[in-house]
Amino acid sequence: MSAALIYALAGMGLFSIGLHALFAHRHLLRKILAINVMGSGVFLVLAAAGVRDDAAIPDPVPHALIITGIVVAVAATALALVLMLKLTAQTGHPVLTDAKQDSP
Amino acid sequence: MAALISGTFDVVLALALLGFAWGTLASVDLFKAIVLFIAFGLAMALVWVRLRAPDVALAEAAIGAGLTGALLLAAYAKLRTIALDATVADAGHGSHGRSAAISILILLLAAALGYAVWTLSPDGIGLGRDVAANLGRSGVGNPVTAVLLNFRGYDTLLEMMVLLLAVIGVWSLGMTPPRREPAPGVVLDTLSRVLAPLLILVAAYLLWAGADAPGGAFQAGAVLAAAGVLMLLAGWRLPAAMGGLSVRIVIVTGPATFLLLAVVALRLEGNLLQFPLGWAGNLILIIETTATISIAAILVALFVGAVPGNADRQ
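Those sequence lines, one after another, are chains Y and G. Take the first sequence: its letter number 30 is residue 30 in our numbering, and every next letter is one higher. Counting the second sequence from 1 gives a position; our numbering is that position plus 1000.
Simulated from the structure, these hints should not be mistaken for laboratory data. There are no misleading hints in this set.
Subject to a maximum C-alpha distance of 25 Å in a straight line, what follows is the list of computed SDA-like cross-link-like pairs (lysine to any residue): (1) K86/Y <-> G1174/G; (2) K86/Y <-> R1180/G; (3) K1032/G <-> A80/Y; (4) K1032/G <-> L83/Y; (5) K86/Y <-> G1169/G; (6) K86/Y <-> R1080/G; (7) K1032/G <-> A89/Y; (8) K86/Y <-> Y1076/G; (9) K1032/G <-> G1019/G; (10) K86/Y <-> L1073/G; (11) K86/Y <-> R1248/G; (12) K86/Y <-> T1176/G; (13) K1032/G <-> P1178/G; (14) K1032/G <-> H25/Y; (15) K1032/G <-> F23/Y; (16) K86/Y <-> A1033/G; (17) K1032/G <-> R1179/G; (18) K86/Y <-> A73/Y; (19) K86/Y <-> V1028/G; (20) K86/Y <-> P1177/G; (21) K86/Y <-> G1069/G; (22) K1032/G <-> L1018/G; (23) K1032/G <-> R26/Y.
With these hints in hand, go ahead and build the complete structure from the sequences.
See the structure below:
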């Protein structure tokens, strides 16, 4: 098994673990952690797919896309964390509740 | 023999990665989960080196592990002061049948995705050869920088706008600034004085070296932001005289310069972001320099959360 295949499978494993945690936990901070893990898994598959071609330089386009993805992920994480803090300040619990529970 | 050793190393590293991810998501204590997430980010940086992607490794270590970890820890600290539960732990699952069904579905999905990855053909033709053929005309020697700032500069321009959007979003939500520590401990005090100038130097090096070696604007901006966060944690605050306007100007300069040069290229060459051939290297350097400072300011602003210059208005 080449290194690329090992890491691509690991990336898929990360994606699945993250997806399961996204559904299983109700705490918003854990959901944010799960989404970040899922993103890292996807980046791994992207890079591993780019290593297949045994050229002199590894394919730089997936690398550029992954760097863009990492930066966008940190921006989205920052915004998501602030939203979680605002929600907790309003309701007292860092979880999302169903709408019908809030109606009087 | 060498292949066996490197193959074993890859398997062990991949297992460690999965172990860290599992530990992050299954840990009951949230603080432990966040620390394991930072370790996960550093293991990812090692994986990027194994996949021959040093630029991505630098970005992952600085942004993915470092800054995301700092953001998560700051949010966790604030969460503990405002959440009603004393134990900020898992709020509970749904019914057992539902969670079992979800687990089975995800296992099936993981098997399907693993099969898809397994059957990827081992010879793929990527864009590496096209990039190598055109590298001489891009103005830089590092292929990743060439792709980021020249061949796919449009993506990077939009990425800067996404960062701006995130800052606008965070500022619009009205957070309170982080508590000012009256006296930082001896370790933090000494380390921040030693590390902050070193980090600024490393950031400048990464920016300059990014043209021909691994590095670049995003990595340099993240290291500069790390210096800013370190100083903030040690009690430094922006002088009140500088106010909110200067912070806004610094944040906008990077994306604005990029946009301006893109429009200038449109007027000169007829296509958006098509740099004139002899000028490409210099233009990329200008864009990267302003982008580094803006990215650093944006990341520190995301860490602080509160709108700058608001203290005097309250």
